[in-house]
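*Asks:* Chain by chain, the residues:
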Amino acid sequence: MTVALNTARVSPGRNAQMRAEALAGYAFATPALILIIVLLIAPIVVVFLLSLTDYQLGALDWSWVGLTNYSDMLGDRVFLRSLGNTFIYVAIVVPGSVILGLVVAILVQERTKSKAIYQTIFFLPVTTTLIAMSVVWHFLLNPALGPVTSLARALGFSDFDVFGDPDLVLVGLAVIGIWQLVGFNMILFLAGLTAIPRDLYDAADIDGADGAWDRFARVTWPMLGPTTLFVVVTTTITAFRVFDTVAVITRGNPQGRSDVLLYTLYKVGFQDFNMGPASAMTIAFLVFVLVVALAQAFIIDKRTHY
Amino acid sequence: MSHLELTGLSKSFGTTRVLNDVSLSVRDGEFLTLVGASGCGKSTILRVIAGLEPQDSGSVQIGGRSVDHLRPKQRNVAMVFQSYALYPHMSVAENMSMPLVMQRLNLAERLPLIGRLSPNRRRVMTGIAAEVDTVARQLQIEALLTRKPAQLSGGQRQRVALGRSMVRHPDVFLMDEPLSNLDAKLRVHMRAELTDLHRRLGVTFIYVTHDQVEAMTMSDRVALMDEGRIVQLGTPSDLYHNPSDLRVARFIGSPQINIVSGTTTGQGIRVGEALLPITVSCPAGQVVSVGLRPEALSLDPVAGRPHVAARLTRVENLGAEVFLHFALQESGAPLVLRATLQDYERHKTRLEAAVALGVECARALVFDGAGHRVDHASRAAQRVAVPA
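Those sequence lines, one after another, are chains A and B. By the count of our numbering, the first sequence reaches residue 756 at its end, each step adding exactly one. By the count of our numbering, the second sequence reaches residue 1037 at its end, each step adding exactly one.
Extracted from the complex, chain B is given alone in its bound form (with noise of 0.2 angstroms):
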C-alpha cells in the first residue's frame, strides 16, 4: 500500500517561508495534482517527499510508515523532472538501467573494468536488461535503447525519463512539471498517455504544475497552491464549480472567471446600475466580488431575470465556441461570455451596440472582502445539480 500523509510540513530558505505547515492526504493510486503559480510550494512539496530536500518541521509518511530519516533511494519514491534529468553520456538502456544497477550492484561490481571480474554482475546485467526492454516496449522506444539522449526528440526523453522512472516500481511517482518543454501538440499527447499509463500502473501519481489545463484535465483531485498553502483541495470539477477562495475561482477555468464587485443591499447585490438578486449573509452595504463563468452569461436577456448592460470589444472565435469580450457599460470592467457558434451569428447585428447580458445567479459565485466564498441561499439549490 503506498498511501502517502503529509503532516504539517514547514519549510524556509533563508527568511522565506516556502512551505507553511501544510497538510495532505493521498490515496493509493490516486492522481494527485499541485498546481499553483510559479513559487508558490509546489515543487518544494515534491522534493521533500523525495528527500531532496530536508522540511523544518512536519513528516511525510509513504504506506503508513515514516520517511523522514530515509535517504531518497530507499523511499522508493520516482521522480521525474521538468528537464528530463537524463545522463547525457549514457545511451538509453544505460539511463533506464541505472536505479536498477544501483539497487543490485555492489560497490565492486559496478567499477569500471573490475566489476566485470564478477560473476554476479553478468547475471543481474542481463536481468536488468530484459526488464529495460520490458518497460520500454511499454512506451514504445525500444528502438531507442542504443541512442543518446542528445540524439532524442523531446517527447521521447520524456519517455525514457517516465522509463527510468518505471523500471524500479516505485510506491509513488512524483512529476515536477514535466511536460512543460513539450510542444502545444505533443503536450495534449502526453496529457492522455500520462493518464493512461496511471491507469495501467495503478500507482499514487503526485503531479505539479502550472498548467490550470494540466490539473482539471488528469487528475483525480487538484490541490491548488498559494504562498505555501493548500487553499483547495478537491476534484476537479469542485474546483471549478465550487471554489472556496477567490484566487482558486481566478486560477481554474480558460478563459478566467469574470470578477466584478457589487455592493450588498437588502434585496441582493448592486452591481452598477443592476441589481442581482443574490441574498448572501454578509450585512447590507459591504463591497464583495462576484465570480461569473463565462457561462453563467447569456446573450438572450429572459425578461424578469437580471442583466447587466454591456458594449462587445472583442471577438474570439474558436469555430464551435465563440468566446465575446464585453466592457460593462458604467464600469468598464471586462466580461468574458461563452457562446455557441449559432447563437454569436443570431445576435450579430444586436451587437453592434450596447446590449444586455443575462446573468445566471444561480451559478454566480460570492467573495467577501477577504476573497472568502460567501455562500448564497439561490446558489445553494444549484450544486445539488454540479455533476461530480
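Chain A on its own, in the form it takes in the complex (with noise of 0.2 angstroms):
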C-alpha cells in the first residue's frame, strides 16, 4: 500500500522531470540536425527535384519531365560506358590498393627503424594535390618524352602510349589512383596490425603456427577483418569518384575508352549546361555510394566482428 502511495506521489514530478530532459536533449541536438539538413539532406533533395526537370543552366524557364531524364540516361551509349569504364577501374584500384597497402604495412611494420621514414614516403602520395601529380605521371608516361617509356624502350619493349592506346588507358589511370591510395590504406592497416594483441603471435609460435604463412592466415588477417572490411569500402567509395586524372590527363579519350561517371557528368553538367541529365547522374552516383555503405553496415560488419 505504502509502495503504491509512494509511487503515485512519486511519479508526476518524475514525469516532468523526465519530459524536460528529454526537451533539453533536443534543444542539444537541433543545431547539429540543422547543419545535417541544410548542409547534406537538402541539396540531394534540390539535385533529386533538379533531375526531374529540363533545366539548364543560366536558363528563365523550366518544366517538369518527370523520370524522363532517367530512361534517357538508361538508354544513353556515353552514360552505360562511363558507367562500365568506373566500375572497371574500380574493379583494379580497390584490390590493387587493398593488397600493395597490406602488404606495405606488413613490411613496414617490421622495420623498427626506419619505419617512420617508410611510413611518410608511402604516405607523400596521399598529400599531394592530384591535379600537379596528373600532369607528372602524364609526362612519365609520355611516349616521346617520358622517363618510363624510354627505360622500356631501353630494355627492349616496344613503344606504348600508355594514355592513347584504348586497352591501357584504363589501366594507366588505375596505376596512378592506386599510387595515390596505397599510402592511406597502409596507414589504416598499420592501425589494425598494431591493435593485434601480441599474445596471440605467442600463443601461435607455441600451437605450431609460427611460418610466415601461418601466422598470417591464423592470426594477422582474421584479426585485421574489420579494419580491411573498412579499408575495402572507403576505397570503393574513393575509386568510385575518379575524376582529377581523367580530367587532366585524357579527358576521356580515346574512343571514350576512359569516359568515367563523374567526368560524364561534369560535361554534361557543366559543360553542356544540362542540368536535369546531370542531376539524374548523380542520383545514380548517389545510390550506388550508398549500396556499398549499405553492404558494410548490414551484411559484411557482422561476420568480420568478434
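These are calculated hints, taken from the structure and not from any lab test. Incorrect hints may have been included.
Label-pair ranges, simulated between beta-carbon atoms [claimed, not checked]:
| no. | chain 1 | residue 1 | chain 2 | residue 2 | range |
| --- | --- | --- | --- | --- | --- |
| 1 | B | V773 | A | P616 | 49 to 55 angstroms |
| 2 | A | G661 | B | G657 | 27 to 33 angstroms |
| 3 | A | I571 | B | S659 | 35 to 41 angstroms |
The calculated DSBU-like cross-link candidates involving lysine-lysine, where the alpha carbons are at most 35 angstroms apart (straight line), are [to be verified]:
| no. | chain 1 | residue 1 | chain 2 | residue 2 |
| --- | --- | --- | --- | --- |
| 4 | B | K997 | B | K834 |
| 5 | B | K722 | A | K565 |
| 6 | A | K563 | B | K997 |
| 7 | B | K722 | B | K797 |
| 8 | B | K834 | B | K797 |
We put the beta carbon where it would ideally sit given N, CA and C, even for glycine.
Each chain sits in its own coordinate frame; assemble them with the hints.
*Replies:* Right, dumping it as C-alpha cells:
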C-alpha cells in the first residue's frame, strides 16, 4: 500500500523531469540536426528535384519532365560506357590498393628504425594534389619524352602509349589511383596491425603456427577483418569518384575508353549545361555509393567483428 | 620423463638485465611456482623456456635434452597466457584443435578450400575432434564447443585456454599468471581446480604469479625472484618459516611480517627499551632487522618472557580471527598481531591503554644489514618443530 502510494506521489514529478530532460536533449541536438539538413539532406533533395526537370544552367524557364531524364540516361550509350569504365577502374584500384596497402603495412611494421621514414615515403602521394601529380604522371608516361617509356624502350620493349592506347588507358589511370591510395590504406592497416595482441602470435608460435603464412592466415588476416572491411569500403567510394586524372590527362579519350561517371556528369552538366540529366546521373552515383555503405553496415560488418 | 633444467640463464633487454644467471632444476611432475613483484623476470623465464624469447646465455634442458636450438612448437611445451590469448575468430573447438591441426596436417591440407580435397584431412580431423571432445569433457566445457571466445565468461575462457594446452599432451605446462584476470571468488575456485588438474595429469607445471597466496597454496616448491635472480627456492612452508632473505620474509605471508629494527648487544637484541634474549653470531652494536610473524606475538605476556610495549591502532575482524594493528610505544613502528576472536574479546578492555605484547623469540627471524638471515640459537631448536 505504502509502495503504491509512494509511486503515485513520485511519478508526476518524475514524468515532468523526464520531459524536461528529453526537451533539453532535443535542444542540444537541434544545431547539428539543422546543419545536417541544410548541408546534406537539402542539397540531395534539390538535386533529385532538378533531375525531374529540363533545367539548363542559366536558363530562365524550365518545366517538369518526370522521369524522362532517367529513361534517357539508361538508354544513353555515353552514360552506360562511362558507368562500365568506372566499374572496371574500381575493380582494378580496389584490390590493387588494398592488397598493396596491406603488404606495405606488414613490411613497414617489421622495420624498427626505418619505420617512420618508410611510412612518410608511402604516405607522401596522399598529401599531394592529384591534379598536379596527374601532370607529372602524364609526363612520366609520355610516349616521346617520358622516362618510363624511355626505360622500357632501353630494356627492349616495343613503344607504348599508355594514355593513347584504348586497352591500356584505364589500367594507366588505375595505376595512378593505386599509387595515390596505397599510402592511406597502409596507415589504416598499420593501425589495425598495432591493435593485434602480441599474445596471439606467441600462442600461435607455441601451437605450431609459426611460419610466415600460418601466422598471417591464422592470426593477422582474421584479426584485420574489421580494418580490411573499412579500407575496402572507403577505397571503393574513393575509386568510384575518379575524376581529376581523367579531366587532366585523357579527357575521356581515346574513343571514350576513359570516360568515367563523374567526368561524363561534369561534361553534361557544366559543358553542355544540361542540369536535368546531370542531376539524374548524380542520383545514380549516390545510389551506388549508398549501396556500398549499406553493404558494409548490414552484411559484412556482422561477419568480421568477433 | 620431463625433468626440466635451467643452467645459468641470462637475458638483457637493451641495457636492462632481466635475468641474471638463473639456474633451476624442476623435477618431473612437480608444481613449481615462480613468484615475485612485477618486473622481477619471472615471465621472462617462462618465455625463455617456451622458446618465445631467446636467452643471451645459459641453457634449457627438457627431459635431459637441450632445447635451445628448437622452436617453440618443437619443445612440446604448452603455455596458458594471462590474457588467455584465444583466437577470437575461432570457435572453442577450433581454438582447442589448433595445436593438433598444426601438428598433423601439412600446409596443403590446411588451406581453406583446397585442403578439403585431401582424403587424409577428413580422417585426421575426425580424430582431432574426438580428442578435443575428451579434453572438453574433462574440463566440463563440452557444451561450449561451438561458441566464440567473446561469448564466454572469464572462467570459461580460462578453461578453453587450459584445454588448448592439454590436447597436445605437453611435457611441461607453462602458466603465466593465468588467474589474475578472474574475480576473487573464481580465482579461489580455479586454484583448487588447477591443483586438481596437476594431480590428475601428473605433468610438470611451471606457474608464474605475483600473488604469494597462489604460490603458497598450489605449489610443491616456490622460487621467489627479485631483480632477475632467484632469491630463495623451497617448499611454501620453508619460505614462510625459514626465509633466507628479508625480501622473502616480506613477500611471503599475509598480513605481512612485522619488521622492527634492533641493535645487537652481548645479551641479545635491544628493540627500543625491550631486550629480546636472542643471541646471534653478529658482533655487538650492529643494527639488525627482527622479523616477527603476526602469530609470533601474543596478547598474554607470560611473566619472565620478553615483551614490547605497544598501543592498539586498528582492528581487522575476519570472523574467526582478528588482526590487531599496533604501534610500538617508542618508535611508532607498526606491528600486526594475529589473535583468535576469543582472545581479542578477553583482552578488549585492557587494549584501550598501551599494553605489553609477548614476543616468542624462538620464532623471531633476524636479518643483518644486507638483509641476509642470521641464525640464532633459540631458533635452531624451533626449526625442528616446524612441520615440513
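*Asks:* Each of the hints needs a verdict: does it hold here or not?
*Replies:* Taking the hints in turn, this is what the structure says about them:
1. Checked against the hint of 49 to 55 angstroms, the C-beta distance between V773/B and P616/A comes to roughly 53 angstroms, which is consistent with it.
2. Range check, G661/A to G657/B: about 31 angstroms between beta-carbon atoms, so the 27 to 33 angstroms window is met.
3. The supplied range of 35 to 41 angstroms is met by I571/A and S659/B, whose beta-carbon atoms lie about 39 angstroms from each other.
4. For the suggested pair K997/B and K834/B, the alpha carbons sit about 32 angstroms apart, so the restraint of at most 35 angstroms is met.
5. The straight-line distance between the Cα atoms of K722/B and K565/A is roughly 30 angstroms, inside the 35 angstroms bound, and the hint therefore holds.
6. For a cut-off of 35 angstroms, the pair hint linking K563/A to K997/B is broken: about 67 angstroms separates their Cα positions.
7. Only pairs whose Cα atoms come within 35 angstroms are accepted, and K722/B paired with K797/B is accepted, the gap being roughly 25 angstroms.
8. For the hint linking K834/B to K797/B, the alpha-carbon distance of about 24 angstroms falls within 35 angstroms, and the restraint holds.
Of the hints listed earlier, the one the structure fails to meet is number 6.
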